[in-house]
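Asker: Make the complex out of the two chains shown on their own, each in a separate frame, by following the hints.
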Amino acid sequence: MRKLPVYLLIDVSGSMYGEPIESVKNGIKTLHTALRKEPQAMEMAFLSVITFESNVRQLIPLTEISKFRPPDLEASGGTSLGGALTELVRCAKNEVATSTPDRKGDYKPMVFIMTDGEPTDDVDAALPAFQAYKWGIVVACAAGHDANVGVLQKIAGPNVLMLDVADSNSISAFFKFVTTSIATTSKKVDAGGQEGGMNDLPPPPPEISLFKS
Amino acid sequence: MSIVKLTAEDGYIVEFEDHDGSPPKQGGIKDVYFTTDKKYAVAFYRKKLDSVAEERLERIVNRYRKNIFEQVGGNYWKEIFCWPERVVKEGTKTGILVPFYDKKFFFGPSNGGDDFLEGSEKEGKWFTSAKNFNLFVPVNQKGDLQGYLSVCQQLSRGVKKLHMSGLAHSDLSYKNCLVDPVTGSACIIDIDGLVVPGLFPPDVIGTKDFIAPEVVATAHLKDDQRKLPCQDTDLHALSVLIYEYLFHRHPLEGDKVHDQDPEIQLLLEMGEKALFIENPFDTSNRKTVKSDDGDFLPWIDTNKLPYVITGPYLKELFDKAFIKGLHNPYERPTADDWDVAISRTKDLLLPCSNKKCSMKWFIYDRKSAPVCPYCGTTYNESLPILDFYSTKSGDKYVLENRQLIVYNNLNLYLWHVYKNIFPNETLEDKFKKPVGHFSFQKNKWYFVNQTLGSMRDITDTNNPIMIPINGKVEISYGKTLKFADENTSRIAYIRLTNTPHS
Numbered sequence: 027m028r029k030l031p032v033y034l035l036i037d038v039s040g041s042m043y044g045e046p047i048e049s050v051k052n053g054i055k056t057l058h059t060a061l062r063k064e065p066q067a068m069e070m071a072f073l074s075v076i077t078f079e080s081n082v083r084q085l086i087p088l089t090e091i092s093k094f095r096p097p098d099l100e101a102s103g104g105t106s107l108g109g110a111l112t113e114l115v116r117c118a119k120n121e122v123a124t125s126t127p128d129r130k131g132d133y134k135p136m137v138f139i140m141t142d143g144e145p146t147d148d149v150d151a152a153l154p155a156f157q158a159y160k161w162g163i164v165v166a167c168a169a170g171h172d173a174n175v176g177v178l179q180k181i182a183g184p185n186v187l188m189l190d191v192a193d194s195n196s197i198s199a200f201f202k203f204v205t206t207s208i209a210t211t212s213k214k215v216d217a218g219g220q221e222g223g224m225n226d227l228p229p230p231p232p233e234i235s236l237f238k239s
Numbered sequence: 004m005s006i007v008k009l010t011a012e013d014g015y016i017v018e019f020e021d022h023d024g025s026p027p028k029q030g031g032i033k034d035v036y037f038t039t040d041k042k043y044a045v046a047f048y049r050k051k052l053d054s055v056a057e058e059r060l061e062r063i064v065n066r067y068r069k070n071i072f073e074q075v076g077g078n079y080w081k082e083i084f085c086w087p088e089r090v091v092k093e094g095t096k097t098g099i100l101v102p103f104y105d106k107k108f109f110f111g112p113s114n115g116g117d118d119f120l121e122g123s124e125k126e127g128k129w130f131t132s133a134k135n136f137n138l139f140v141p142v143n144q145k146g147d148l149q150g151y152l153s154v155c156q157q158l159s160r161g162v163k164k165l166h167m168s169g170l171a172h173s174d175l176s177y178k179n180c181l182v183d184p185v186t187g188s189a190c191i192i193d194i195d196g197l198v199v200p201g202l203f204p205p206d207v208i209g210t211k212d213f214i215a216p217e218v219v220a221t222a223h224l225k226d227d228q229r230k231l232p233c234q235d236t237d238l239h240a241l242s243v244l245i246y247e248y249l250f251h252r253h254p255l256e257g258d259k260v261h262d263q264d265p266e267i268q269l270l271l272e273m274g275e276k277a278l279f280i281e282n283p284f285d286t287s288n289r290k291t292v293k294s295d296d297g298d299f300l301p302w303i304d305t306n307k308l309p310y311v312i313t314g315p316y317l318k319e320l321f322d323k324a325f326i327k328g329l330h331n332p333y334e335r336p337t338a339d340d341w342d343v344a345i346s347r348t349k350d351l352l353l354p355c356s357n358k359k360c361s362m363k364w365f366i367y368d369r370k371s372a373p374v375c376p377y378c379g380t381t382y383n384e385s386l387p388i389l390d391f392y393s394t395k396s397g398d399k400y401v402l403e404n405r406q407l408i409v410y411n412n413l414n415l416y417l418w419h420v421y422k423n424i425f426p427n428e429t430l431e432d433k434f435k436k437p438v439g440h441f442s443f444q445k446n447k448w449y450f451v452n453q454t455l456g457s458m459r460d461i462t463d464t465n466n467p468i469m470i471p472i473n474g475k476v477e478i479s480y481g482k483t484l485k486f487a488d489e490n491t492s493r494i495a496y497i498r499l500t501n502t503p504h505s
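Those protein sequences? They're chains A and B, same order as listed.
FYI, in this note's numbering the residues of the first sequence are 27 to 239.
FYI, in this note's numbering the residues of the second sequence are 4 to 505.
For reference, chain B alone in the conformation it holds in the complex (with noise of 0.2 Å):
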């Protein structure tokens, strides 16, 4: 075993061992090295580039990373990114540096389970098949829903990032994206195949469960009538991902029977016939539960847990990815409505009572008795809804999309605050403070006012009452709150349900 020393263009200096020639990980077409200080790692391509793909490299290095990485709150993307940072030369070999992923995204040891998966990547697919994550995942590292939405939110900004920037994934999968549901994060890897519309075309179609239908369909046609693979099949792939990771299952595998040879099954059901397993208005592709189906329960059971269970806004984007964009590209939800119906989304969240609860969080489903869908546990907590209005001509506030649904300790952020405030990757740090939080106390609902200097109950308009920073305000029916002066200021108009006697 020898230490091989490389500069790379901007001079500096990699170190990785040979491993006699036997790399210690082999991908699809790379053979990976780790630097000896464990800091990044060393792909090399087994077959020579040809300049298109040399000239692409560079970009991706150069260019592309910069306008990413090198702006204002760049430092946000390197979660979310696995970018490569520079090519490397071995000879007539070509190599890219990557960081290494950060430790959360390798299983660790179970705490008193089996340890086998431990040290190894946590790849997508063992959270997105129901079979994976209900028998290998390690419990103490399978997450809950909170996290789901999270790692789900964090990969449609990345998306969102590539496409800003005018660029494609082309090859987003569950292979391509490391998760952690405990923290929430996501990152997306295998970056150096990125399509650039018009100057750099995709290397491969993708991987099946994401391939996008128009792909499938028309894979097997000549050149100019072959749909490739682009920013709206990106798409399509970014909603099987998110369906995917909030139910275990595959949105258009289902029942229905194409054709009795496997392979051309496969090509029907993810190409031309593709049909969401839960479209309301044709019923032909829906799961049936089987005798032999054990280790996937709950989740392929769409009667149990159907898609209307993750909540207005997410079921608004599910009827888009997959009913009217599935064979219509241009219907298809982008990165940033995801991005903002998980925000709202996650307003909508309720703990669960039941402490063993697997996914202890819900989203609230506008019944007055709240049931878990996940484990079946009645909420039994009062419950305020806080619904928002805000104003364009200063007087009139009108009702917007979006409500809290709250519960003891929750907190209140600027964004819920201010209507052009909004939780995601341009907000600094110094925002992401709560301003107020709501308190359950003596079978009252208090909201606790931490930061908001001119914030008012506004319930009677003749005479609002400051509420002063550090002081509260009970919170019951009809409640009407002001939370800030200014005209980008939300009013808040309060409801009170599944109390005790209601």
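Bound conformation, chain A alone (with noise of 0.2 Å):
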């Protein structure tokens, strides 16, 4: 049967610590909590956590709703961006079926990204292989004043997100986007909608501002 897979891009780098990665500890513990009770979402949605510092790692690879649990997070290191897309990509042809002519692929990837930093690493030389894959919906979140929000347009386009301080409030309100974002679009692939551009997520919490270009 066809999956609706999400992608989690979480940078868990040495500023990330204390207040901000406890927050997003919660908001994924959140997130799934909320996802099981979307019946579109248990059957088709299947969630990966990849973390970046100085080095990346799929944490969790894609798993079904109800299988997956939540993950232990620690803040550390560098903030290896470019590595965690080219992590993304090799992950995403790994995992997710592509429709050939006489099988039915998966839906095209959901991605969201969370950083509070400046890559350490070289994003342009990651971003044709990721550009070159079709992803559906791409969100980058700029948590804090610190973000490189140009590297993330690159990434994500216009649908860059900022939070004006990595706090509990700001970050659980973008993991309650992003649920809702999630369910959705399993809804909405369910029901035949195209999946795309930011017009096809519900509106952004209060507390999270549309960065505009």
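Just so you know, the hints here were simulated from the structure itself, not pulled from any lab data.
Computed from a predicted model, the values in this text were never measured in an experiment.
SDA-like, lysine to any residue: derived pairs with alpha carbons at most 20 Å apart:
id, chain 1, residue 1, chain 2, residue 2
1, A, Lys202, B, Ser25
2, A, Lys93, B, Ser113
3, B, Lys318, B, Ile408
4, B, Lys69, B, Glu82
5, A, Lys93, B, Gly116
6, A, Lys93, B, Gly297
7, A, Lys202, B, Lys28
8, A, Lys160, B, Asp262
9, B, Lys163, B, Pro426
10, B, Lys211, A, Met27
11, B, Lys293, A, Glu121
12, A, Lys119, B, Asp264
13, A, Lys93, B, Asp295
14, A, Lys202, B, Gly24
15, B, Lys259, A, Asp128
16, A, Lys202, B, Ser123
17, A, Lys119, B, Asp295
18, B, Lys293, A, Thr124
19, B, Lys259, A, Met27
20, A, Lys93, B, Asp296
Answerer: See below:
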């Protein structure tokens, strides 16, 4: 059966230490609890968590909601956003079935990226392979003013969300938004809607403002 | 947190908590609050409504509602429809007051399992998806085949009533119908989007799995060339829902690849190229079971559970819905067709001999040694079959296309006895009591007459034998019974099959 893949790319660099990382952990837990009550998501959504600091790791491979266990996260090191994108493409190629003339593939993956700082590796080098893959919705979240919005726009186009500060309120609001997006998209994929731009997503919650370039 | 008090047009006072402006529930276009007495949900449209939408709501809560609920037997519809009762205004915002759903439409405790669903609405998708049904619906809330037939019948009656009132739902889907297979109940919700042909056009084209192929196929065209939701498209949605509740799979979602782009694929497989996965004449959209499909079994295996297992009456309608009528709206079965066919199908039910069978019942397959398709258990009991005959003129009785398959303690009802009585919403409760029952004692079958005053055994037509109330008559091969004197009464001819020596 066709699945709806969802990748969460989470910055766990040193600057996320403390309240931000705890809030992210809570955010993923809340997301998971909420999606369990959505029959469309329970049927077809699969979640993966990729973390990046100086190293990049697919902490949780694409896993159906009912078998997903929210991960423990620790913050330290740099911000290898470029490496994270490369890993994302590798995982998607590996885990997401594309259509062939005789077999239906999965839906296009949704990607949610959250970072609070300046990348410490070469994002531009990772971009061509990232852009060559056919994603569904890609949303990037700049948590706090230290995040490099320009880089995130290269990745996510207009779908960049800004958090004024990376505190528990704003991070939990972001995860609420991710939850609604996944729920809406799984319903919509179910409802035959088109995947694509920000217009398909629910309005962002009041704690987050849409970055205007 | 404070209490908001509003007065509806008719003076009814509505009280609900404002939850500091963040509603306890958010739908697609409405914010939902609950009244302090917990009797109603108050749903406000987030956008300001235009005058046409206002007018439509006004008619839905008044004229259309009264046409359905304020007639004889109106109470019957209170369970099937969650119908908006009043319009309320708060500033520029418009809201509707909708009765709270019955408790049975919310998941209860699972009795030892994981209770993560407790308190959630029993949205249809939990039951129509094989994976959700297999893994997440608590065992004590799954219901059985009889329950699912009743769910489908309730839905059919709801749709029939809307159509008889000149309305179309326009967005029937598992989202807009709550079900309780344990009690065999269904409730149609989100009625505020009703379509009135020629008066109020549809707001949305519907929900993917349920949009009729002609609507999907023309959705990208200019306004005057688009096919819009109407009663005919409701009938497609109803057929899909019935198929999904009975088989936990979608009738059009097979293996055929029309396009390698997932979105175009969806548009084609539900639209222009829609093809029944079990179409006997074109097998190109058959579903094959894949290695990672375990959570969806056995339901998605059409070899193991083909649609014909629901018996001849439903098979005929599925053929009409998904073969003849799939691209030809006028051929689709009506809601009344479904209602009648389900009633007749219930007369073919047999209790599975396997106490652990998930569906508990199966539909008699007209074979001499019936096997439950859900668990593979053979039915070893002897099996009386009643074939019914009725007459137009009074002397010649003609075989009807209906049977009653007998098991121990099965009841006989007035709708079996008289051809002009139907077990539907118009029948008064006092006519719904058993008039007799079948009983298996010491290797013999009997019919026990409970209330029929003029029942006769007419096996020997020259010598009819009266069967008094509280009397019993042995049921054996060739026995012929006339239930009552009236011309509207049926005659039953009895055959026995599956006997140990047959």
